[in-house]
Amino acid sequence: MDFSVFKKWIADAADAAGVRDYELYYSTEDETTVNAFGGEINEFTSGLTGGVCFRCLLDGHMGLAYTQELSEAAAGALVRRAVDNASVIESNETEYFSEGGAEYEDYEPADMQLASPEELSALVLQGLRELKDAHSAVTGGCSASAGAGLREICLVNSNGVDLKWKCSSDYLFLEAVVSDGNEDNNDYKLKIAEPEKMDLQALAKEAAEDAASMLGAGMAPTGSFPVVFSPEAFSSMLGTFSSSFSSDQAAKGLSVLAGKEGEMIASSLVTVVDDPFCPENPMRINFDAEGSPAYKKSVILEGRLETLLYNLKTARAAGRQTTGNAHRAGYDAPVAISPFTMYLQPGTCPEEDLLKAAGEGIYVNSVGGLHAGANQITGDFSLMSSGFLISDGKKGAPVKSFTIAGNFFDLLKNVTAVADNMKVPMPMSVSSFGSPSVLVRELAVSGK
Amino acid sequence: MISLETCRRVLETAVKTGADYAEIYAENTQNHVITMISGKVDNINDGVTAGAAVRVFKGLRSVMSTTIDTSEKGLLQCAMRAAEALGEGHAEMEIVLHERLYGDVHPVLVAPSSVGNREKIDILRTGCEAAASYGKCIVQTTGRFLDVDHRILIANTDGVYASDRQIRTRLAVTAVADTGKGRQTGSASPGRRMGMEMFDAEADAASAGREAARQASVMADAGYCPGGMMPVAIDNGFGGVIFHEACGHSLEATSVAYGLSQFSGKLGEMIANEKVTAIDDGTLPNNWGSVNFDDEGTPSRRNVLIENGVLKNYMIDKFNGRRMEMPSTGSARRESFMYVPTSRMTNTYIDAGTDSNDDIIASIDYGLYAAQMGGGSVNPVTGEFNFAVNEGYLIRGGKICEPVRGASLVGKGSDVIRNIDMVGRDLRLAQGMCGSSSGSIPTNVGQPMIRVSSITVGGR
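Protein chains in written order, with this note's numbering: chain X, 1 to 448; chain P, 449 to 908.
None of these hints come from the bench; they were simulated from the model. It should be emphasised that the depicted structure is a prediction, and the values quoted were computed from it without experimental measurement. Where a beta carbon is used, it is the ideal one built from N, C-alpha and C, also for glycine. Where hints are given, some of them may not hold.
To be verified - So the derived label-pair ranges between C-beta atoms look like this:
1) X:Asp180 with P:Glu567: 57 to 65 Å
2) X:Asp180 with P:Ser562: 52 to 60 Å
3) X:Gly218 with P:Glu850: 30 to 38 Å
4) P:Asp806 with X:Ser391: 57 to 65 Å
5) X:Met219 with P:Glu850: 42 to 50 Å
6) P:Asp552 with X:Asp162: 44 to 52 Å
Unchecked claim - Part of the chain P face toward chain X, derived, beta carbon under 10 Å:
7) Ser486
8) Asn827
9) Thr830
10) Phe833
Excised from the complex, chain X in its bound form (with noise of 0.2 Å):
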């Protein structure tokens, strides 16, 4: 479609309505996947699907729409519901829209060359193969599927701010499938580079060491113990309670940081960063989904609560600039406060200097359910985990469906190392979250 056919279409539906201030915003995605199993591709799919959100403000008050119907009879029923919903708004806040005029980071955006589906039918073969010969416990569950994606925005609004932004990348996804006869376990890597760039050997064997490692597994103590989080299972959990740093869920009573800007809120030993421009995320970008620039911020520094996320309402209620940190994860979906790339950042030691301080615990490497056992408004979990015991300051047998139970802000204070080997683990969406190795000086663990 002709987004500038669109946007005429638009400003002619705003202009007969009465409407001054509006925002249309535009998002599309060009993507193609291949997936394989047993040796042979199985699943392809391809398709270019977008749509666009018009918002507009009445009073003060938001109103939006959103559509997949790109014809002239639509944009004017997009407007005419986004008033219609500014109409019965009732919140206090005051909304607005970015001025314009502002200035933009420069920065380096994703533009990989996009794998053809003939590459991708080749890189999810060669990944399969490679899983068969990664390790003696893989079966023939396995799977591999890889994608190349072409993603567009297109931000304008009546203020005159006119952006656009694009990211093009490859990506592979492996599963190992292994077995040792009696039970079965699988774990997925992730890699995002153009094929030719990638170690296929090396990630299939990470996925299938991985899943192996964990055959057999035991069943964990319960009482408390020191506790070292893996860079993926930290992640998750810094993932899982991002929302409590949005400025927008603390005025609404709904995170447990309202008003402890400022504070020590962690151990000194915790600094987290929040990166629009994180190499390790392809999606990233320079502008938040109202406009504003996005820049790299300390959310928390060494223990002090440095600031919380703004987006334009929050921050002019709150009398102080936005951090540019409006988020939306689609056309179809309303404008919230989330951070881009949010990670712990890494310490000087290695993972082995946490296991040694732990001396008797348990290693968690991942957390699951945390849509079910995590509360985001009290910070309270209680998590289904999988990990290997630590004895004598050493990776010990593996160990699984146990949980680990505390209070997420608690834990910030109880973190006693952190070490060097930080990762991104999945860095497909804006929002992506990092950590290295974290240990804990002590968890509620939940086992036999």
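For this one, chain X is given, so just place chain P on it according to the hints.
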């Protein structure tokens, strides 16, 4: 919507390179969500999802191509892309489509898309105010009124040309309570495959608000749940999430077809306690997870999955059914045209048994009574699942004692369904959204009260 003749031409194009099956799925869906925070309308998310997907099969290979251009030209291009991606072959198939009028067993009296914002806001406010006025301990309320008007059209080379309109309505109220021991939340979210009349006939908004507030206030005074292995009594309604996670996902062809489920190859075997009979039934009138026909055009039906402990059937879609050499059970579902459909649950429950609730509680010397469950997740390969207990109580000496917060249940599906050794009589269903590879779809979970003889309770 798209004419039969257009569909025929599009399917003809789709099979040109040798496909043995082709399908068109087109949709136009209106989604409307009103959010209320602290008793005030905070925002409205309102939009149209519209587009189509053409899918072709050749043996065990599937290709899907999507488009937002549903003109004949756009659909033909989409079909061409799918055909080209399938390969170089050549075939001609005579395509005869018949309009199927499967009927609608889910009557809607007042379509929510025909009702203005005000009326929905009134219902939402009733729910939120009932929560806020429940007691002094309620410090915050949030609520959402959701309605979906989902129009679909499916045509395929099995001769199906059918359309449906799936209307769903839901109210969700969350209350936050604080009595000085740390905030706790409670929620209630009734939903139906019906219109605005659901609030007269089925679910009163104020009751939902009070229920959310009651849970939050009980849990606000509760201490933490102790952890360890113990017997657990799980109440009816959303308690059924245990079967959904521990077993349901592992019975979907999505994992069974690839030998990746703990229940692959076990048809006819005793996989559960003999007290367990489990059913997936997409035909229940006006139920949240019901469909007239699935997203491949196969009529929905009642599938007995487990009967007295014996595995009877899986949930199967057409594509995965090929690998399993078994027919579809009408279980193909997708969030929208942008997702590849696969086998999913509809309304899935453990059927009523013969034990009384009193006997179940009295049988437990020391354990947990899970009155309200939260969400959960599972890894179908290992069968390991977890879910949250939103409202729990300790049982001592066969009696329900003090409330406990922060509990979760974890285990392995194939173990836990053997350990369900008492099943009550009062079957009730409750609504949830289920996320998997084909997106987020509405499903009912359900059961009467059950006893799990031993399971790991996560606590502290």
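Range hint compliance [Cβ, Gly218 of chain X to Glu850 of chain P, 30 to 38 Å]
The hinted range 30 to 38 Å holds for Gly218 of chain X and Glu850 of chain P, with Cβ atoms some 32 Å apart.
Tell me if the interface restraint on Ser486 of chain P is satisfied: Cβ within less than 10 Å of some Cβ in chain X.
holds (7 Å)
Taking the closest Cβ pair, is Phe833 of chain P under 10 Å from chain X?
holds (8 Å)
Hint says 57 to 65 Å; check whether the CB-CB distance for Asp806 of chain P and Ser391 of chain X agrees.
violated (46 Å)
Holds or violated: is the Cβ of Asn827 of chain P closer than 10 Å to a Cβ in chain X?
holds (7 Å)
Thr830 of chain P was flagged as interface toward chain X. Is the shortest Cβ-Cβ separation under 10 Å?
It holds, given that the least Cβ distance between Thr830 of chain P and chain X is near 6 Å, below 10 Å.
Taking the Cβ atom of Asp180 of chain X and the Cβ atom of Ser562 of chain P, is their distance within the range 52 to 60 Å?
Holds, since Asp180 of chain X and Ser562 of chain P (Cβ atoms, about 59 Å apart) stay within the stated range.
Looking only at beta-carbon atoms, does the pair Asp552 of chain P, Asp162 of chain X fall within the given range of 44 to 52 Å?
holds (47 Å)
Against the range 57 to 65 Å, how does the distance between the Cβ atoms of Asp180 of chain X and Glu567 of chain P compare: consistent or not?
Holds: the Cβ-Cβ distance is about 60 Å, inside 57 to 65 Å.
Quick one: are Met219 of chain X and Glu850 of chain P within 42 to 50 Å, going by C-beta?
With Cβ atoms ~27 Å apart, the hint is violated.
Hint violations for this structure: numbers 4 and 5, all remaining hints satisfied.
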